[in-house]
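Given the sequences, and given the hints that come with them, work out the whole structure.
If you want the building blocks of each chain, they are given just below.
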Amino acid sequence: MSASVVKLSAEGVGKSFVGTGGRVIQAVRDVSFAVHENEFCVLLGPSGCGKSTVLRMIAGLEDPTTGVLRLDGHEILRPDRERGMVFQSYTSFDWLTVGQNVEYGMKLNRVPVAERRERAAHFIDLVKLTRFRDAYPKQLSGGMKQRVAIARTLANSPSLLLMDEPFGALDAETRWNMQELMVSIMDSTQTTVVMVTHDIEEALFLGDRIVFISRHPGTVLEDMTTDFKGGTRVRRKEDMLTVPGYAEMERHIMRLMREQGAEHEDEG
Amino acid sequence: MKNPETESRRWRWFDYRKPIPSHVAVGLGVAGWLIFFCAWIVSDLSGMVSELLVPPPQKVVAALVELIAEQGFLGDIAVSIYRVVVSFAAACALAVPLGIVMGAFKSVESFFNPFVSAWRYLPAPSFIPILLMWFGTGDAPKLALLFIGVVFFLITLVMDHTRGVRLELIETSLTLGGNRWQVLWTVVVPAVLPNVVVAMRQMLAVSWTYLVIAEIVASTNGIGAMMMRAKRFLHTDQIIAGILVIGILGLLFDYLFRVVHRLLFPYIEENAR
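Here the protein sequences line up with chains A and B, keeping their order. Mind the numbering: the first sequence is residues 1 to 268 in the numbering used here, read in order. Mind the numbering: the second sequence is residues 1 to 273 in the numbering used here, read in order.
Looking from chain B toward chain A, a few residues come up when the C-beta cut is under 7 Å (computed):
1) E168
2) E171
3) G177
4) Q182
5) Y267
6) E269
EDC-like cross-link-like pairs, simulated, lysine to aspartate or glutamate; straight-line CA separation at most 16 Å:
7) A:K138 with B:E269
8) A:K107 with A:D80
9) A:K145 with B:E269
10) A:K145 with A:D125
11) A:K145 with B:E168
12) A:K229 with A:D239
13) A:K7 with A:D72
14) A:K107 with A:E118
15) A:K237 with A:E180
Derived by calculation from the structure, the hints in this document are not laboratory data. The beta carbon of each residue, even a glycine, is placed where N, CA and C say it ideally should be.
As structure tokens, this is what we get:
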């Protein structure tokens with residue numbers, strides 16, 4: 001984790017839309033940060049701060065108006081398999097079984113059948129869905145559907161995993177389980193992750209680095225590393241609460257969040 | 001304290017959207033038809049309406065049997081089914097792919113939609129005179145009318161359903177490395193197909209409507225033509241028998257589409273069908 005090879009870099013990235021009545025709305029302005037190899041980077045901020053827009057630009061689903069995003073030094077111009085994305089809403093393909101869903105990306109990329117089967121089985125096992133390999137998504141719970149999406153993306157071996165509030169729609173208990181599952185996946189797969197969330201606890205638990213985005217227009221307010229974890233990942237969520245330094249960092253971020261919210265209320 | 005078991009067994013006649021016991025539901029459906037037939041028979045027995053204009057049910061059934069046994073009515077039915085099936089298949093062959101591509105790509109939509117929308121507002125039967133002049137009196141003008149009556153609505157329905165395919169599904173495929181063609185075939189088409197079959201089911205009913213119009217206006221065979229012949233000889237029982245057959249055929253085709261839907265798309269949740 002201390003390896004300092006820059007995987008992803010954002011250099012002065014901005015995004016503006018033309019809103020109703022031709023008014024130009026600046027969603028994101030001058031966002032710069034770097035994500036290193038094998039790092040779990042969290043984009044955190046109040047809702048509506050444009051953090052999802054940043055993630056979509058990293059995916060190549062939207063173009064920045066200004067600035068450049070680079071993956072391994074190459075400018076990001078369009079979506080491709082290098083940057084697989086897990087969405088907040090369920091994206092399992094209803095017409096495919098769990099196994100076929102996980103194989104889907106590899107099939108697009110013409111991975112030979114035998115290798116496909118093997119990799120799919122491995123990642124289905126990793127997200128603990130082996131019993132449901134032949135089930136259709138309608139038989140799965142919300143948490144299971146997200147596990148399918150994660151396995152499908154990882155099985156496609158992206159060099160960067162993008163997640164847009166992937167656990168936002170899940171109930172609290174399922175969310176913990178998924179967060180702990182992510183930690184064990186990070187330990188066993190050596191993936192670089194950029195995840196968007198507005199859940200401070202989640203950011204502290206999963207993130208090696210937290211990039212706090214402010215509101216209106218979204219820009220990097222603070223770029224923090226979760227040093228209190230001492231370079232290791234906590235495996236169980238309740239254990240994090242007693243790690244020295246955790247409470248201070250959470251309080252610090254909560255204050256940032258509150259300031260942003262207060263500014264927002266002033267506008268209204 | 002309320003006992004949950006007895007609580008769940010109780011039901012009322014007018015609870016919003018609460019399910020009712022299945023035997024009650026079936027009974028209500030049958031009762032509706034029984035009342036209809038009773039009213040029909042009673043009006044006949046009371047002598048309030050002329051038997052010539054409203055023949056009793058038993059006369060209608062007798063007329064139907066006679067039509068089939070002695071006047072080759074099955075041939076008329078076969079001709080009508082043939083017209084519906086052939087014209088409908090042709091309309092689907094054009095409308096489904098075009099609708100999907102229009103729903104998927106704004107450029108294609110912008111090109112075709114102004115054209116298609118305009119045609120949708122032209123009532124298909126208004127084309128009958130010109131179709132007769134172009135195609136004569138054979139099957140062609142009827143097939144053309146049914147085609148025109150269905151195709152523009154079907155294109156619009158399929159386009160709207162395709163637009164409704166969730167963007168996240170498409171974007172998921174893009175970030176897994178899918179190219180344009182792959183996204184169309186592996187996401188857009190399978191995602192929209194169940195709704196396309198539903199739209200086809202709805203439009204088939206419209207197709208039957210135009211069939212009868214076409215056959216009544218200008219035809220020597222088919223169910224509609226039989227009904228017009230019957231009118232000439234004041235055979236109201238035969239006309240109503242014709243209506244009955246069209247209704248039964250419509251129900252049958254509708255049921256067929258439901259079965260096909262269930263067989264083709266077993267992965268869809270039952271309450272979403």
